[in-house]
Amino acid sequence: MINSLLEGFGAILSSGTWLFLLGGVLLGVVMGCIPGLTGMMAIALIIPLTFYMDPVKSLALLLGIYNGGTYGGSISAIMLGTPGTPQAAATVFDGFPMAKKGQAGKALKMALIASVHGCLISSIILLLAAEPVARLSLKFGPGEYTVLMVFAMTMIGAVSGKSFVKGIIGAVLGVLISTIGLDLLASTPRYTFGNTNLISGIQLTPMLIGLLAMSEILSQIEETAKLKRLGMKDTHLPPPTCKEDSTVSLKEYFRCLPAISLSSLLGVLIGALPALGATIASFLGYDVSKKLSKHPEEFGKGSIEGVAGPEAGNNGVCGASLIPLLAFGIPGDAVAAVLLGALMIQGISTGPLIFTESPKVVYSMYASLISSNVLMLVTMWFLLPLFTKLAKVPKSVIYPVVVAMCLIGVYSINQNSFDILTMVLFSVLGYLMSKFGFPPSTLVIGFILGPQLEKNFRQALLISGGDPKIFINSPLCLILWAAAVVSIVTILLSKRNTKSYIHLAEE
Amino acid sequence: MESPKKKRISQDEIISCLLCLFGILLYFGVNPKYVADTSIFMVSPRLVPNICAILLIVLSIPLFISGWRKRKLGIAKTVEFDKKGVVLSIVTVLAMICYYFVVFIIGYIPTTIVLITGLMILLGQRNWKLIVPCAILIPIATYFFFSKLLYLTMP
Numbered sequence: 001m002i003n004s005l006l007e008g009f010g011a012i013l014s015s016g017t018w019l020f021l022l023g024g025v026l027l028g029v030v031m032g033c034i035p036g037l038t039g040m041m042a043i044a045l046i047i048p049l050t051f052y053m054d055p056v057k058s059l060a061l062l063l064g065i066y067n068g069g070t071y072g073g074s075i076s077a078i079m080l081g082t083p084g085t086p087q088a089a090a091t092v093f094d095g096f097p098m099a100k101k102g103q104a105g106k107a108l109k110m111a112l113i114a115s116v117h118g119c120l121i122s123s124i125i126l127l128l129a130a131e132p133v134a135r136l137s138l139k140f141g142p143g144e145y146t147v148l149m150v151f152a153m154t155m156i157g158a159v160s161g162k163s164f165v166k167g168i169i170g171a172v173l174g175v176l177i178s179t180i181g182l183d184l185l186a187s188t189p190r191y192t193f194g195n196t197n198l199i200s201g202i203q204l205t206p207m208l209i210g211l212l213a214m215s216e217i218l219s220q221i222e223e224t225a226k227l228k229r230l231g232m233k234d235t236h237l238p239p240p241t242c243k244e245d246s247t248v249s250l251k252e253y254f255r256c257l258p259a260i261s262l263s264s265l266l267g268v269l270i271g272a273l274p275a276l277g278a279t280i281a282s283f284l285g286y287d288v289s290k291k292l293s294k295h296p297e298e299f300g301k302g303s304i305e306g307v308a309g310p311e312a313g314n315n316g317v318c319g320a321s322l323i324p325l326l327a328f329g330i331p332g333d334a335v336a337a338v339l340l341g342a343l344m345i346q347g348i349s350t351g352p353l354i355f356t357e358s359p360k361v362v363y364s365m366y367a368s369l370i371s372s373n374v375l376m377l378v379t380m381w382f383l384l385p386l387f388t389k390l391a392k393v394p395k396s397v398i399y400p401v402v403v404a405m406c407l408i409g410v411y412s413i414n415q416n417s418f419d420i421l422t423m424v425l426f427s428v429l430g431y432l433m434s435k436f437g438f439p440p441s442t443l444v445i446g447f448i449l450g451p452q453l454e455k456n457f458r459q460a461l462l463i464s465g466g467d468p469k470i471f472i473n474s475p476l477c478l479i480l481w482a483a484a485v486v487s488i489v490t491i492l493l494s495k496r497n498t499k500s501y502i503h504l505a506e507e
Numbered sequence: 508m509e510s511p512k513k514k515r516i517s518q519d520e521i522i523s524c525l526l527c528l529f530g531i532l533l534y535f536g537v538n539p540k541y542v543a544d545t546s547i548f549m550v551s552p553r554l555v556p557n558i559c560a561i562l563l564i565v566l567s568i569p570l571f572i573s574g575w576r577k578r579k580l581g582i583a584k585t586v587e588f589d590k591k592g593v594v595l596s597i598v599t600v601l602a603m604i605c606y607y608f609v610v611f612i613i614g615y616i617p618t619t620i621v622l623i624t625g626l627m628i629l630l631g632q633r634n635w636k637l638i639v640p641c642a643i644l645i646p647i648a649t650y651f652f653f654s655k656l657l658y659l660t661m662p
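If you're matching them up, the sequences are chains L and S in order.
Numbering (my numbering) for the first sequence: 1 to 507.
Numbering (my numbering) for the second sequence: 508 to 662.
Simulated from the structure, these hints should not be mistaken for laboratory data.
Incorrect hints may have been included.
[Said to hold, decoys possible] Result set (DSSO-like, lysine-lysine): computed pairs, CA atoms no more than 30 Å apart in a straight line:
hint, chain 1, residue 1, chain 2, residue 2
1, S, 577, L, 162
2, L, 162, L, 291
3, S, 579, L, 435
4, S, 579, S, 590
5, L, 226, S, 636
[As the list claims (entries may be wrong)] Not close to chain S: a few residues of chain L, all C-beta gaps over 10 Å, as computed:
hint, residue
6, 141
7, 201
8, 254
Please read these numbers as outputs of a predicted model, since none were measured by experiment.
Note that the Cβ used here is the ideal one computed from N, Cα and C, for glycine as well.
Bound-form chain S, shown alone (with noise of 0.2 Å):
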């Protein structure tokens, strides 16, 4: 059975307004501090940042119009996130961002080990006898290879 119609702003009208108002920001506020206007014939260094800002605004409008009729249509899709799997995304983002800061005061292959098992972990993997075996394979042959074969310094 359909779920009745509701009438709400559809996410594509949400993004147009963002955009928009982005657009603006950048026209009137970041552009002019930000970038330098040194002017010759018209061709300035804000030229196309500026055209850029414009067609942001421009290009707002058929978005939040085609919003606008697909919602009146009844036929607006809605993003779904699905809460476990967003977590499991942000988990694996922050990870990312920990490795960054951890790698150049533990080391390359100790901190890779340790983000390879906590990533197979978190998605999943139970089976010890693949873990194990991908995790300190992996980091020792690339740290192998990166600072053997290619000269690399690494962390």
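Chain L extracted, bound-state conformation (with noise of 0.2 Å):
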């Protein structure tokens, strides 16, 4: 393993490969800070381009989105008040009151540190996990494979919003989107509608981009056309009174220590069950944070602990949530959906004959996580002024060349124009779903994990001649319906909790 991922390492520091890293870290930065557009957003945006990569720079590109995305939304949390990303909301609570005493750079330098803490942790697992839970997976049939497919479907509930209902119809949804093509089995057409362009079923890049990218953007125009009609303005936050407001001392990092240490084991263990998300480990590692906390009063009013601990559990996610992925194919998170759509783009199936397939990929995975931490620390730390400004720019300047890279992005793909048609239409029903509180990213969810699902269930019936009872004979499936219904009533749960965190901070 040791050696495995040194040569890991020499292939980030060779061939160029850490420049895509570090450009993947700056651009999932810039895209989280800036409202209205996520990592997720970005790596949907950069899929197009990762075809004319060879699979390490791509991942290399993809994974310092991934964790920069994640911290990114951090700054706009604590600069405006406004999360960047969802798994920012809880930053929010304590960082934006820092801001208005002043202490911004207090704040964003404390999130950069615990975010890095809890990727770095997160990544260590993985290193050390992924390859055991692989071996465990050989012992999956089609059936077992279907129920833990279910199980993943779960996870629609952690990203599905304030209506569990809604997320699962978005699912649907997007497993009937999937179907669109030739049947996996007995390659009969089904919904092409004598459509040559919809033989090969619906595009995954251009949908992602449409109900991801667009969709948002559609959405934000809207907004900030609201915001302006209410003549709603920018204020000013005022600068630090000291030097001390500005940077992070030794004593206030190890008195946030064992919150970013918990907060980070939170964020690990949620990021490996794919069921729950970062957003719940935001705000489960604010509650850590605080009971941990001497002075648990300061909270909500601006506590520096109270960016630790939520800033460590979502970006503990961020390593976590490839241990399924790499282990069964199955994504830990929403974000982890749409990685595993760019790998799939670059012909790596994931699952556990990755590890003997394409070890060098699976390790220079875990070596450009571990490096994109070093990097962030390294360049956020001296460019954070920078990224604060950008938090800034108009949206009347970001917003058009979005629409512009979205439609020469698609196009690039295959060269195809009904790619652009695919991604105007699936950009109005992203728009719409959020609309009417159905979250896009379900749809996409259910549509990566839609033709897994199906392969390995008709696989099954076939097996065992029709009789659904493959389902429940096992051990394997007996315990993961369990964990089903488990993670069914634990998010449920923690959406009731994660309401009165919402009402709490707001009193």
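Two chains, each in its own frame: build the complex with the hints.
In structure tokens form, the structure reads like this:
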């Protein structure tokens, strides 16, 4: 393992791969810090470019974006009181009050330190746990895989916002859309309506860009017009009152270390289970920090531990969400689902065989994730003032540029104009879904998992001669069914707790 | 002062009815016509589409109940559409559709310059020192990147 990891680091340092990693981190932070844009959107936009890169470089770029995007949301959470990404929602509670006291620099640096800790711990656990878990998956047959996919679908609950039912409906629609094209086993056309462009099904990248990037742009355009009409203007934050307001002292670092460590481990546990997600990890990290703090009364008014906990929690998910992805081929959260799509485009099949068929790719992924933390810490420590300015770039400049990038990015994949229409259609669908409370990411998850779920489901039925007992026969199936039920209950309970945190914070 | 409670159907109730109708249409109308049935041990290309249709019908029930309960409690939310915002979003979508038709006739760089300029003005940007450089440099840079570095044939 050590030799393979060293080879992975060697692959990162050679051929300029580290430049792609650095570019990914910076792009992820840029996209994460601008409200309305997210790291997931950045990954979706960059995927067309990865067609032309080798797997190691493309994964370095995407993982850099993943890590940077998760941290980037904290910049606008602290500076503007608006989380750049949903995972940074809990950071607003204490980050923005700190900024209002002139301590924006301190908050940003603590968020950076906590994020790096979280992702580093998560990456090390990924390195140690992924392969043993993958060996376990060799005992899975089609029946077990089907139940595992059902369990994975429960992660819809983590990204489904307020309504779990709406999340499941979104996922079902995603599975339905994934059936468009030629049938996997019988090669008969399904929902092609005589259109040759649909024979190979809906292309993943135009759908991703339409649903995740363009639909969000349309929502933000509407929101911007509304704010202008209401006459809302940006207010300026006060400058730091002294030098200590812009930096983190060693005493403050050690004060936050217990919260950072425990929140990171919580984030790892949540990320490893394909059911929960970084947003829940950040709220749990906030809760844990408050319980561990010697001054819980400061929470909500600008406590540095209130920034450290959620940031360590949400970045703790980063590496751990790749454990089910690599071991089973099941993404641990919505961003990992998009990464799975990127891996599929590169022709890399995830699951237990990836460790024997593509070990170089696996260990370079580990090395990329670990190295991205070091790069992020070093670059962001000095570049933070620049990124805080980026969060304030006018939306009338950002959105048209992103629209133009989306259009050409989508065309560049297959040089097929039908992909542009697909993107436009899904952008309208995603916009309407968001409006009516159906998160578009649930449709993405259903679309990506749908083909695997259907393949394993039908294979299991063929093996059993149509007998559905194959899905409850083995102990593994029963354990997975129980885990699915537990995860649904956990998600529903945590949603209720999350609502109470938001009410408390608003009070 | 709170507005009085109005007895009207909530958005969730409407959506659940539409979903249920969609599921029924899919199961009885679309799937038999557009999805072949070649059953071997019940495993047919129509199996998963039919399951999805049934799930949509079944899931519309708790959605309807949730919407009905919220309406009775007076906490049902209605979707707010900002008129000007919706118009801007629609114009953006139409701009993308026009772009799709025009780009293959006029070419990538001029069409993209017009698109970026138009959208920036539509979104309220009036600083020409910002509009002109963005609208010109970005299409040229991306054209160079895709055609010279990635060897793609651009429109």
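Hint check:
Restraint check for residue 577 of chain S and residue 162 of chain L: the C-alpha separation of about 13 Å stays at or below 30 Å, so the hint holds. Between residue 162 of chain L and residue 291 of chain L the CA atoms are separated by roughly 26 Å; this keeps the pair inside 30 Å, and the hint holds. A hinted pair counts as satisfied when its Cα atoms are at most 30 Å apart, and residue 579 of chain S with residue 435 of chain L qualifies at roughly 22 Å. For the given pair, residue 579 of chain S sits about 28 Å from residue 590 of chain S by alpha-carbon distance, which is consistent with the 30 Å threshold.
The suggested pairing of residue 226 of chain L with residue 636 of chain S holds, with an alpha-carbon distance near 26 Å, which does not exceed 30 Å. With a minimum CB-CB distance of about 16 Å to chain S, residue 141 of chain L clears the 10 Å threshold, and the non-interface call stands. For residue 201 of chain L, the requirement that its beta carbon stay farther than 10 Å from each beta carbon of chain S is met, with the minimum near 13 Å. With a cut of 10 Å on Cβ distances, residue 254 of chain L stays outside the contact zone with chain S, its closest approach being about 45 Å.
Checked against the numbered hints above, the structure breaks none of them.
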